[in-house]
Amino acid sequence: MNDKKLEKLGVYVCHCGGNISDYVNTSKVAEVIQQEPEVHMAKDFIFMCSDAGQKMIAEDIKANDLTHVIVASCSPRLHHMTFQKVVSEAGINPFTYRHVNIREQVSWVTSHDEPAATEKAIRLIRGAISAVVRLQELAAIEKQMIQVGAVIGGGVSGMTAALDIANQGLPVHLIESSPVLGGRTLDLDKLYPYEIPADKFVQNLIKKINSNENIYIHLNTEVVDTAGTIGDFTLKLKRADNKLVNTEEMQSFEIIENESDAINVDELHVGTITIATGFDTYVPLDGEYGYGKSKQVITLPDLIMHLNSYKKKRLEINGKIINKVAMIHCVGSRQIEDVHPLREGATLNNGCSRTCCTATLQQANRLKDMFPDIDIYDLYRDIRTYGEKEVYYKKASENNVIFIKYPDEEIPQVDTNGSLKIRTVDELTYGLEVEVEVDLIVLAVAMIPRAKPRLIETLSLATGVNGFLQEAHVKLQPVESPVDGIFYAGTAQGPKDVRESTMSASATSVKASTLLKKEIVELSPYIAEVNTEICDGNGDCITQCEYNAISIVPIDDGKKQAIITPALCVSCGACVPACKKNAIKLNGYEITTILAEVKAMVKEVIL
Amino acid sequence: MDKKNNPKILIISTDACSYPGIDNAGQKHLEYSANTYVIRTLDPVIFPVYFYLEAFDAGYDGIYIASCGTDSPYKNTFEKLSARIELVVAEMKKRGLHYSQIKLTAICTVCADHFVHELNEFIEGVVENMPPKIKA
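Chains as they are written, first to last, in this note's numbering: chain A, 1 to 607; chain B, 1 to 136.
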């Protein structure tokens with residue numbers, strides 16, 4: 001704490017040009033708040049965020065030796081940092097500043113009852129007064145940054161992420177578990193929207209990677225363990241000796257490991273980690289739509305791979321000439337409980353895989369282009385060729401693909417005894433039952449999370465309801481993990497097409513590069529802290545921490561104590577209530593402070 | 001204020017999800033009771049059982065916990081929070097408080113309408129089940 005008297009508080013009530021003062025009696029608020037014992041001065045003003053408003057606050061701080069400042073105005077999401085900067089420049093610790101939201105949460109939701117809105121504003125400010133005098137002075141934690149990035153996964157997302165980081169002049173390690181770069185894109189046909197052949201797209205990326213001196217490629221290499229935190233992560237690598245590099249394939253894609261890359265590296269030290277480990281495709285259950293019972297039931301990736309090298313004039317699969325094809329959407333996606341079969345121990349995948357409608361219709365059109373006489377039945381629940389991808393649907397319609405919309409809860413039945421038959425109900429013809437004899441059934445299988453439990457566990461990452469890696473915030477932090485310095489790219493995070501994957505990789509790289517460019521990284525001061533005088537080291541807190549941020553260490557006289565690794569703490573607060581002795585607090589969010597705020601808000605207001 | 005029809009509600013919000021969602025209700029100028037007070041946390045999992053009980057003791061008639069649900073950026077906190085609220089409800093029962101005076105829910109960043117609808121329903125439930133001494 002500074003030497004100034006603790007309770008010398010300035011409270012500033014903003015009119016927001018009428019957005020607040022039209023519904024809240026702001027001068028009355030200032031008048032009532034002025035009576036609070038801790039308050040040295042309370043003022044209302046037309047725009048606190050204006051230059052004049054900010055200048056007034058700064059001058060008041062200096063002239064009156066204020067110790068704490070509260071501004072009651074719009075949401076803190078807009079101007080908390082503005083006023084933190086004002087008070088900081090005027091000599092007050094920015095983490096003791098408090099912002100009260102009397103616009104979005106008062107005036108804009110109580111526009112027909114000025115006394116009630118005024119009373120609410122007063123109560124909220126009283127709560128803030130009670131809290132602000134208890135706030136500790138904090139400082140951001142500074143840490144040296146290792147200015148080297150790592151990207152785990154060498155598919156198109158990983159390659160794009162690595163290239164974008166490298167193009168910022170930063171060294172980056174690209175770690176791929178298989179012998180080649182390219183990932184699952186190598187198994188595709190042409191890519192939306194420009195219909196570039198997938199292999200050409202991958203080759204182009206690989207050429208750029210090989211010519212970039214900032215990228216260090218590690219093929220056949222798994223990350224088996226990690227340690228450390230933002231700015232200084234350690235990755236333990238294992239190069240799979242039994243996975244020999246396919247030199248023929250390597251040459252065809254011009255991948256050449258530099259001499260420096262070929263060193264059998266055991267450990268890497270990096271400042272940020274980008275996870276681009278991709279996805280797996282759903283494998284249908286034995287008998288699901290006839291899969292495994294008939295060789296003529298295949299998956300969409302199987303069909304694409306088959307066609308990629310197909311040269312004959314008539315389509316032949318597994319020794320059978322194909323004249324009629326049925327394509328079934330949503331296999332393993334958008335699953336409904338008690339409707340879709342599940343593997344033992346598997347969880348329901350109720351998410352849409354987003355890409356398979358487009359991919360299915362792209363292949364339907366491809367089949368029609370290659371074999372015009374073929375008949376195609378497309379069995380779908382909803383066609384989700386979103387945005388410009390609708391052109392595939394339009395073309396399929398023009399190609400006379402026959403669309404059959406089956407009900408969500410009545411999945412098509414496949415008969416593999418004798419000739420291959422498919423039966424379903426068509427909602428487009430008001431529930432007409434349809435039975436078609438076909439030569440081939442193609443299943444549009446789901447994108448599912450790639451099983452990387454070790455990596456998820458060692459990096460303390462969160463997964464969402466469908467098992468994909470979950471970002472810190474879907475809109476505000478869409479490529480950031482909850483762990484500082486770890487980012488997501490591509491389909492590790494959820495179903496995406498190639499364009500979306502590379503876009504997310506570029507977004508990730510901006511985030512990673514911004515950090516890597518700094519020599520010193522500042523970490524949030526809102527971390528858990530142990531009161532060493534109270535802690536008896538019983539370890540109750542450890543079981544609640546999902547991020548390995550707490551450890552128990554021996555101290556004098558054979559006693560133990562919990563310690564927190566600041567950079568590993570994500571500020572969730574789960575450890576706080578675990579301690580029966582109340583020996584842990586979350587800085588900036590102390591329970592005693594919040595309780596004081598909560599209690600102060602219910603005191604009677606006399607207007 | 002008329003306590004019977006206008007109970008005092010504490011709303012616990014989260015930085016990542018419900019606080020922006022509640023702000024969004026304001027941006028849409030959706031009206032709801034003025035006797036509601038929002039506090040902002042990183043995750044409500046931080047609060048021990050006694051926090052809720054002391055809030056009731058202080059004079060709140062209802063506590064509405066607008067969490068991130070399973071979308072929480074923190075691992076397994078919703079499960080831990082749910083278990084904690086079960087303990088709170090058990091303690092509330094001992095003190096003659098009704099379970100309808102607390103609600104654990106999930107509010108997203110754009111759940112403005114949902115928030116107002118749910119909050120109004122919650123307040124109705126609180127009013128309906130207020131203990132007689134307060135209701136009178």
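Calculated directly from the structure, the hints in this document are not laboratory data. Computed from a prediction, not measured in an experiment: that's the story for all the values here. Incorrect hints may appear among the rest.
[Said to hold, decoys possible] Listed next, the in silico SDA-like pairs over lysine to any residue satisfying Cα-Cα at most 25 Å (straight line): (1) A:K320 - A:E388; (2) B:K8 - A:S21; (3) A:K580 - B:Y50; (4) A:K238 - A:H269; (5) B:K103 - A:K324; (6) A:K581 - B:A58; (7) B:K28 - B:E91; (8) B:K28 - A:D22; (9) A:K599 - B:S33; (10) A:K313 - A:K324; (11) A:K581 - B:K8; (12) A:K599 - B:Y32; (13) A:K517 - A:N210; (14) A:K581 - B:E91; (15) A:K599 - B:K28.
Where does the structure disagree with the numbered hints, that is, which hint numbers, in rising order? 1, 5, 7, 11, 15
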